[in-house]
Amino acid sequence: MIVRELVGGIYFGEPRGFEDRDGERAGFNTMVYKKSEVERIARVAFEIAKQRKGKIVSVDKANVLEVSQMWRQTVAECFEADGCEGEGLSLDNMYVDNC
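Numbering of the sequence shown is given in my numbering, commencing with residue 1 and proceeding in unit increments.
Derived from the structure by calculation, the hints contain no laboratory data. Model, not experiment: these values are computed from the prediction. Please note that a few of the clues may not be correct.
List of simulated lysine-lysine pairs, BS3-like, C-alpha gap at most 30 Å [as the list claims (entries may be wrong)]:
(1) Lys-50 to Lys-61
(2) Lys-35 to Lys-53
(3) Lys-61 to Lys-34
(4) Lys-61 to Lys-35
(5) Lys-35 to Lys-55
(6) Lys-34 to Lys-53
(7) Lys-35 to Lys-50
(8) Lys-50 to Lys-34
(9) Lys-34 to Lys-55
Beta-carbon label-pair distances, calculated as ranges [what the hints assert, rightly or not]:
(10) Lys-34 to Gly-83: 31 to 37 Å
(11) Glu-80 to Lys-53: 16 to 22 Å
(12) Pro-15 to Ser-90: 35 to 41 Å
(13) Gly-27 to Glu-47: 34 to 40 Å
(14) Ile-48 to Ile-10: 32 to 38 Å
(15) Ser-90 to Arg-16: 18 to 24 Å
Ideal Cβ positions, reconstructed from N, Cα and C, are used throughout, including at glycine.
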């Protein structure tokens, strides 16, 4: 089962657009997540995992993106705060490059 965030982050971050950079057309987007957005997605994944095999793998780009570092930290904090390990769940992290 894949739980994917599609209502925030790079899809709706500001600023975004097109501009001229050094005489070339360039496109840009901004990726921003609030802690509450990450917590919401993490908890959805935890609830689904309880009904399945109990294994959660959070996929990110924490090796190069600060927003992914915050995502990873927030998921781990939620996992601990919600007592997921005691409920038989496991949490691993994976870089998107390894998927």
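Query raised in the report: Failing hints, ascending?
Result: 10, 14, 15
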